[in-house]
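Number of protein chains: 2
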Amino acid sequence: MKNIIVASTSTIHNAAYLEYLLPTLEEHFSDTKEILFIPFARPSGITHKGYTEKVATSFKKIDKKVKGLHEYEDKKKAIERAGGLFTGGGNTFLLVQQLYKYELLHVLREAIFNGVPYLGTSAGSNICGVTMQTTNDMPIVYPPSFKTLGVIPFNINPHYLDPDPNSKHMGETRETRIKEFHKFNNLPVVGLREGSWLAVKGDEIMLKGNLRARIFEQDIPPYEIESGELISFE
Amino acid sequence: MKNIIVASTSTIHNAAYLEYLLPTLEEHFSDTKEILFIPFARPSGITHKGYTEKVATSFKKIDKKVKGLHEYEDKKKAIERAGGLFTGGGNTFLLVQQLYKYELLHVLREAIFNGVPYLGTSAGSNICGVTMQTTNDMPIVYPPSFKTLGVIPFNINPHYLDPDPNSKHMGETRETRIKEFHKFNNLPVVGLREGSWLAVKGDEIMLKGNLRARIFEQDIPPYEIESGELISFE
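Top line first, the protein sequences correspond to chains V and D.
Take the first sequence: its position 187, counted from the start at 1, is 187 in our numbering, and no numbers get skipped.
Take the second sequence: its position 149, counted from the start at 1, is 1149 in our numbering, and no numbers get skipped.
Treat the hints as calculated values from the structure; they're not laboratory data.
Note that CB positions come from ideal geometry on N, CA and C, so glycine has one too.
You may find that some hints are simply not true.
Far from chain V, by Cβ distances over 12 Å, these chain D residues were calculated [unchecked claim]:
#, residue
1, E1027
2, S1030
3, A1078
4, R1081
5, S1232
Sample of chain D residues facing chain V (criterion: CB under 10 Å; computed from the structure) [what the hints assert, rightly or not]:
#, residue
6, P1043
7, Y1102
8, S1122
9, P1139
10, K1168
Derived CB-CB ranges, DEER-like [as the list claims (entries may be wrong)]:
#, chain 1, residue 1, chain 2, residue 2, range
11, D, P1144, V, N186, 20 to 26 Å
12, D, E1034, V, P221, 36 to 42 Å
13, D, D1063, V, S227, 41 to 47 Å
14, V, L22, D, N1014, 42 to 48 Å
15, V, P221, D, E1204, 44 to 50 Å
16, D, P1144, V, D219, 25 to 31 Å
17, D, P1222, V, G228, 58 to 64 Å
18, D, E1080, V, F113, 50 to 56 Å
19, D, E1204, V, P222, 54 to 60 Å
Starting from the given sequences, assemble the full structure and let the hints guide the process.
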């Protein structure tokens, strides 16, 4: 049974990396002592090693060891054997390019469907969707496809940002961008605000955290759901 | 001799479409009565026809006619015969996908190198760069390549936005995103703020408008240039 946490962000304002999620993660990863970390999105160009150490520091607080996927020659086997998985944020284009390069999407999807607990934050959440096409990131590299894990039946927009009514900036708002996506695609999009996450248990998907989430479906006005509500498009 | 206006935006706050640029455009397009408009980025999913009408309304104020490229069966010939060219904003992924689909990049580049006056705003400016990899847009469609016109020897970040020191949002700032680009690419990036544009005359590229622009080069700190200064990376 799928057991996934799809988080908007790793870090909320004025808190340490992953801090707001640690109580949740302690339960989420209760059956494993070690987490396999996928550092490929590496924010701001941090090294895989540096990123993995940062993650290890946070997970140490709940008594978990962390290994970085970059350390393994056979990355597929590493994923197959993992007791827990975490894909961190950074640049989604880079992450997806790397997952294709090492041919890891299929094995990662398999592990998640087999029930290995998975945590994604930001780019690591984007890849849980059907495609990465509602990322906010810059296309700094060219991945061979925008198709991602599809372990949830819709797309994610992490770090969802409400329009600022006082802004004089003329660039598109996030909502406008997602509407443009819906001119060419019919997948629902869940806009996850900072500090929100989806708890996926099998086919049940619940919004968690303090805030509401904004749901975008093709051809209908966007609407909000409350924390604690289930998300379903059937 | 190349004769290009590369504008951050079509529209500044509290002004009509293209209004702030009209005196400049009157001079820029002084040798032609008709502009060929490329509406393929179509913001918010507006139709090609609707977008072209919007553009025509603005250009009428300086006594220019506007035809939309979508009206032509033979789009290559339409570009070859144009006396003036304008590519409007919207979604850069969509624009680039369409330009590849109709195989127009080469003929457009040729026309610009032959001296046909060109105007780009937003997505239409992004494509003047070597690649579209510093766009802010969402990857709503998958183009066959990120390579663009390369009529200027660097990349553009339109609608450049300074970091908000009061923000509690944890998504990446624009500067952080461009720094990530430079982890994998060595092209300089010009961050054009709203209301700024580049006037390209042959190999001379001058910043215009009221604001400064922010320049990002690989491995050195970002710096500002003043309006009226030339941009060169040699």
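>> Let me make sure I understand: some of the numbered hints might not hold for this structure. Which ones are they, in numerical order?
In response: Violated hints (numbers, rising): 7, 13, 17 and 19; every other hint is consistent with the structure.
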